[in-house]
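Based on these hints, arrange chains B and C on the given structure of chain A.
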Amino acid sequence: MIDLLNALVVLSNYVLIPALAYGSQLALGALGVTLIYGILRFSNFAHGDTMAFGAMVTILVTWLFQGWGISLGPLPTALLAIPFGIAATAALLLTTDQLVYRFYRQQKAAPVILVIVSMGVMFVMNGLVRFIIGPNDQRFSDGERFIISAREFKKITGLSEGLAFKTTQGITIVTAVIVVIALFWFLNRTRTGKSMRAFSDNEDLALLSGINPDRVVMVTWLIVAGLAATGGALYGLDKSFKPFIYLQLLLPIFAAAVVGGLGNPLGAIAGGFVIAFSEVLITYPLKKVLGYLLPDRFEPDTLVQLLSTDYKFAVSFTILIIVLLFRPTGLFKGKSV
Amino acid sequence: MTEPFLIGESMTGGYGRGADILYDCTIAVHPGEIAVIVGPNGAGKSTAMKAVFGMLNIHKGSVRLDGEDITHLSPQHRVAKGMAFVPQTSNIFTSLTVEENLEMGAFLRRDDIHVTMEQIFDLFPILRDKRKQAAGELSGGQRQQVAVGRALMTQPKVLMLDEPTAGVSPIVMDELFDRIIEVARTGISILMVEQNARQALEIADRGYVLVQGANRFTNTGAALLADPDVRKSFLGG
Amino acid sequence: MTINYKNIGLFFLVACLILGTGFVQSWNTALFILNMGLVSAIMALGVNLQWGFAGLFNVGIMGFVALGGLAAVLISMPPTTEAWAAGGLQVLLGLILGAATVTGAILVQTRTAAGRTRNLTTIAILIGGFFIFRAVFDGGVAAVEAIDAAGTGYLGGLNFGGANYKDWGFMTLISWPVGGLLAAGVAWLIGKTALGLRSDYLAIATLGISEIIIAVMKNEDWLSRGVKNVIGLPRPVPYEIELQESAGFIERTSSLGLDPVTSSSIVVKLGYAGLFSIVLVIVLILAQLALASPWGRMMRAIRDNEDAAEAMGKNVTARHLQIFILGSAICGVAGAMMTTLDSQLTPASYQPLRFTFLVWVMVIVGGSGNNFGSVLGGFLIFFLWVQVEPMGAILIQILTSGMAEDNGLRLHLLESVAHMRLLTMGLILILVLRFAPKGLIPEK
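From first to last, the protein sequence lines are chains A, B and C. For the first sequence, the positions run 1 to 337 when this note's numbering is used. For the second sequence, the positions run 1 to 237 when this note's numbering is used. For the third sequence, the positions run 1 to 444 when this note's numbering is used.
This is chain A alone, in the form it adopts within the complex (with noise of 0.2 Å):
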């Protein structure tokens, strides 16, 4: 039983816990991915440079606000950083479609003209980071580092093995949450956000249904600067803040947006765990939890990790390929087109 227990925590420690906060952050991302494939139409390959952009001036307000000494206590500073960090990227996207994407949809360019433009700015973004706050890794978290830490947990359980529970791996989730619900109160409650999914599903209905595209369009942005910048930060408060990490994780998050469907939010955030999950369980060595579990003559004795840490992306590679040879608009229904 107590070995059960063990097993349990174990795994919570490593795999659930990481994975639950991972995912959180990858649907976010995919989220922001899913809208403007839905409403924009097009593979969005400057979004990781998107996330990197909130992070970054969500770290520099962190810093201003450290400098002058407001905190939040035992949370990190950043909370308070986050919403400067939406506003000046709603400020670039809104920016870079005037100036850039809104050519391309009055003439009506097909979806990989887009993609390739989205290069484009993917390296102007990626260099206004780079130029203004350097391509090394920068710490900005602050307050308590655990809700729990493993020695805290060892002595209340009595248990042999410890859980951590890193306080930046609560907010994550508890912000994942919170933004997932406005969202999806927003889409399916309000009249702008019916309109948005209006427009998604069918431009030309909703045209004659007298719906504003550049109205949807601006709101589309705005959201997306909100997912962005908040997954941003959080990605970046939780792991660390490094600028080409997050031109990496634009794979696990247009795998989480494809294999959710394209287009759809919800399998958005389904996709981000599964991705998640899958990446944290095959690259983790399960020797302990086995251990634990078998009778002592089964005790394995090599790590028993499937794939080592730096073949992750072959992971959600792997479930991407699967899906589209089984399930083309992904587990979710996305738009195929």
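Fair warning: there could be bad hints in the mix.
Claimed, not checked - According to the in silico footprint, chain A covers these stretches of chain C (three or more CB under 8 Å from chain A):
no., segment
1, 32-40
2, 202-213
3, 355-366
What the hints contain is simulated information worked out from the structure, not anything from laboratory work. By construction, the Cβ of each residue, glycine as well, lies at the ideal position given by its N, Cα and C atoms.
For chains B and C alone, coordinates are given in the frame of chain A:
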């Protein structure tokens, strides 16, 4: 004769910069009347209606609504002026619920839309039962009802239908025509393109037979049905 | 044939830019730009084949370039005999077992009737095969990597020149086509799965596979030493030091009044430039012939209207697979050439912005669908890639000249000047797409 409520007069034009498809074509509908456009495949029936709705470049002729020249208004602006259009395909938001489809139809309205919605549910009672269901899950006939309902939510003065009975069973077709007559009785003018010429002309106050983008026969529905030439060429004897 | 003065002018301009670098900065830099420009031009030709001819959206160029680099190591380095003895065969056996597992699963999927039995069998084969593969493979890898980990620790290549393997410089030349073959093989695998799906999916699939290729090269130490890098690859051209020691060379340079050390490195670089030019000319001629052939016309017909081509009985997916493999193979050749030029393989240096997206900038700016455009774009963009940094530094020096020497903003700007190249590349791409979407040399 009085000025019709909506008239596309002597329209000549085509899509974009392409070749002309319509030649001196006139389509009109009076208040509370049902006007039907029929004709063989490729006669430009749908094109004529789209021209009236502003989805075509007309370089000759004009479109007037209630005496006002709207030739140069965009389709969206015509919607605001009280015209509603039900396309032949993709005429509902499949991922939205029936109720949301109707709400989107009333997107431009700022007043209370619940009265209109109740009227539509009275007209198509099945939609009331399925109001929380995604429109894409409905049957073909029910989808058409959603499509017509969505258009009616704008409280239009003219309702334009592009082949509303395409792909539905004969029973559903009769049912749909009955509903359309009901709508016309409330004072809404109806302009409709139909493949099922005979049934459509039976309910039509006015019929237009188009051939190769031009008017061939124009008369009341009953007169066209009685006309031996029309019967022979277009109604199969 | 009419002479297009504008295009000749454009090439002349790029030539002037590179020559200018030689006169103003140094001939070493100019030749570096020339050599990398040649390699970039070949990559751009490969991508142009896929995008310009067939409209295929490949975002995994980095992976194919890296595979070329891997081929350079696998062909031109000497085999590590001890490693082969220790576990080489076991590693190979493991790989064969792994391949057999996948093949078996695919066969079950394609040859047997659909249903639960089929899926369960497939899963059983995959899981069972995976553990057998790991059991055999891991042991071999451990044995191989234990052999002189600091110096080799990998299986090495196929250069049987023994202790004098560096004299077998011609092996590097062999590695170029092999790099193409390796890239072609992987392209075949991707194409089989992802072509025929929508263009976005191909993009995401290629993006994924390129990251995986890099991950493999970083982690599989038995293959190419991973992040420990393979250095000192043989060369197809003489070494500087040999030239400097050769009496004839010193005599000739001194008679021309040149410094033997500088001129030796210039001669070496010119040697590379000669070899690369030969490859570029061959690829360019073949691409031009392909473009004008019925095959090329069919490709463009498919690109312009896939449905119509399909209706006319063209097997669109098969054609796409052909051109996808060809284009990727060309990128692989270029990758092998680049690694030969560097004389080393450093997996960590493969960055998507540099090796995938920059090549896209070259193709778009040069003019997609036009081979000469791609060549021009390759040279021009690589020139800018190198020169934007010093030009930016000068610009910022001038702009901030009014500020104090230790002004924080000024120092930050000067420090960040390295990142201006990304910004500039993005701006160039956006501006070209907006104002000259057909590129500098448009498709005819």
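Status of the hints after comparison with the structure:
Residue count for the segment 32-40 of chain C with a Cβ under 8 Å from a Cβ of chain A: 0. That is fewer than the three needed, and the coverage hint is violated. Restraint check on the segment 202-213 of chain C versus chain A: 8 residues with Cβ-Cβ distances below 8 Å, three needed, restraint holds. For the segment 355-366 of chain C, the assignment as covered by chain A holds, since 4 residues bring a beta-carbon within under 8 Å of that chain's beta-carbons and 3 suffice.
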